[in-house]
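Chain by chain, the residues run as shown.
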Amino acid sequence: MFYASFFGWIGRIVGEYSLQILRGIGITLLLSLVGTVVGFIIACLFSYIKTKKDAGVVCRILRVFVNAYVTVIRGTPMMVQALIFYYSFKLMGINWDPLASGLFTVSVNTTAYLTEVLRGGIESVDNGQYEAARSVGMGSFQTMLFVIYPQAIKNSMAAIGNEFIVNIKDTSVLNVIGVIEVYNACLMAGNKYFKVVEAMSIAAVIYLVLTLTSSYILKAIERRVGSPIKEIASSN
Amino acid sequence: MILSIRNLKKDFGKSEVLKDINFDVQKGECVCVIGSSGSGKSTMLRCVNLLEQPTSGDIIFNDQNIRDINVNTLRSRIGMVFQSFNLFNNMNVIQNCTVGQIKVLKRNKKDAEEIALKELERVGMKDFAYKDVRSLSGGQKQRVAIARALSMNPEIMLFDEPTSALDPEMVGEVLNVIKQVKDTGMTMVIVTHEMQFARDVSTRVVFMNDGVILEDSPTEEFFTNPKNERTKEFLKRYINS
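The listed protein sequences derive, respectively, from chains A and B. Just so we're aligned, residue 81 is where the first sequence starts under the numbering used here, counting upward by one. Just so we're aligned, residue 108 is where the second sequence starts under the numbering used here, counting upward by one.
Fair warning: there could be bad hints in the mix.
[To be verified] In silico DSSO-like cross-links for lysine-lysine, where the CA-CA straight-line distance does not exceed 30 Å:
id	chain 1	residue 1	chain 2	residue 2
1	B	286	B	134
2	A	299	B	238
3	A	132	B	216
4	A	234	B	216
5	B	217	A	234
6	A	132	B	121
7	B	116	B	339
8	B	213	A	234
9	A	133	B	334
10	A	234	B	233
11	A	249	A	275
12	B	238	B	217
13	B	116	A	132
14	A	133	B	126
15	B	286	B	238
16	B	289	B	233
Derived from the structure by calculation, the hints contain no laboratory data.
Bound-form chain A, shown alone:
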């Protein structure tokens, strides 16, 4: 009779599938972390292409590509993207496992969002910073690297952290290509006894703990990195 109760079932599922669920947590964290880091690195490049001043022909062609990329990726669901990438690569003869495909999808997706985040961060840096750097003789790339990006990234820290937290939850859609992350692990565990509500309650609690912990850690990092750079209004 004990197992008939809600918490009883939860206890039983967790007990029986603890390894699989733990593994799911690991996969979810791996996907979010790799996705955010890879996305951030590529977004640095893409936002440079998007915001470069007096851009040459090559840069302007690349900009068209980046704009199209951002529009398409942000305008379509990650679940659809995951299926397209997974099966189209298979059709091309690349036999990759669901996890590799999932990492690819979430990285591609995060790149698009972070490109826009960084573009905003770059545009929030006063143009005087750019002019001053160019005036001491730094080239366009040096100016971005040493003066603009350090400030733009600092200004964007909150949004970048937010993207990581969104990724923790949104990678659940990668179950469609068979990635066994938190949601999928819990679902499979619950399915054995047809206990969906119990299984999803477990998943919900895990997601909540993951997102809360991450936002706590991210806040600590933000404090370490320092307050966003803003001119104090009366600093003259």
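Put chain B on the given structure of chain A with help from the hints.
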């Protein structure tokens, strides 16, 4: 002649900001450019280091047309001081003064810091070398900006209204520093609204109005015996206020 501007024109879209500017700067001269807002003073200055692309005309820097000089090399040889300071917010005071030396002039860090400290001492900011720039007052920021420009050992210094964004109390300290720099023999072009300062420091004054140079005379002559009617009117208003 260190700088020679020939038939300089600059349009922004339909509006003509500079209409045929001609003017020369000799080595060691200190030229003040005055005139009402919107007369093109800043634009002219910004054309010299190509922050603005001239629409037409030539600018000759040390016998070389600036079109034939690599733009980054040109800028590293010209010191620029802005109205709004524009110190690099992500760096402390000394890093502001070394980053250009290290990245552009390829000096090593030790030499760059030595030079930076020397220049910071000159502007009275040596004690602030390791402070965050955001903690400085406006006058202090502008003095650091001057040290940053001087650290590059420029051949000429351009000042774009260096005291216009400052508290009246802080104007003096910045003007004193500029005067001191002038006394070392640095060639300077200063866009300013500070008439008394222009009179004290400059060797020549250029008066601009509506995109043209109306008067270009030695300082004493400019203030005591201006030729142009518009100049007289301008000076009268300033002296009365």
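Against the structure, the hints come out as follows:
1. B/286 x B/134: Holds: residue 286 of chain B and residue 134 of chain B sit about 16 Å apart, inside 30 Å.
2. A/299 x B/238: holds (25 Å)
3. A/132 x B/216: holds (29 Å)
4. A/234 x B/216: holds (25 Å)
5. B/217 x A/234: Holds, at about 28 Å.
6. A/132 x B/121: holds (25 Å)
7. B/116 x B/339: holds (26 Å)
8. B/213 x A/234: holds (27 Å)
9. A/133 x B/334: Status violated; Cα separation ~44 Å.
10. A/234 x B/233: holds (28 Å)
11. A/249 x A/275: Roughly 21 Å between the alpha carbons, so the hint for residue 249 of chain A and residue 275 of chain A holds.
12. B/238 x B/217: OK: residue 238 of chain B and residue 217 of chain B at ~19 Å, within 30 Å.
13. B/116 x A/132: Cα-Cα ~26 Å, so holds.
14. A/133 x B/126: holds (27 Å)
15. B/286 x B/238: holds (25 Å)
16. B/289 x B/233: OK: residue 289 of chain B and residue 233 of chain B at ~20 Å, within 30 Å.
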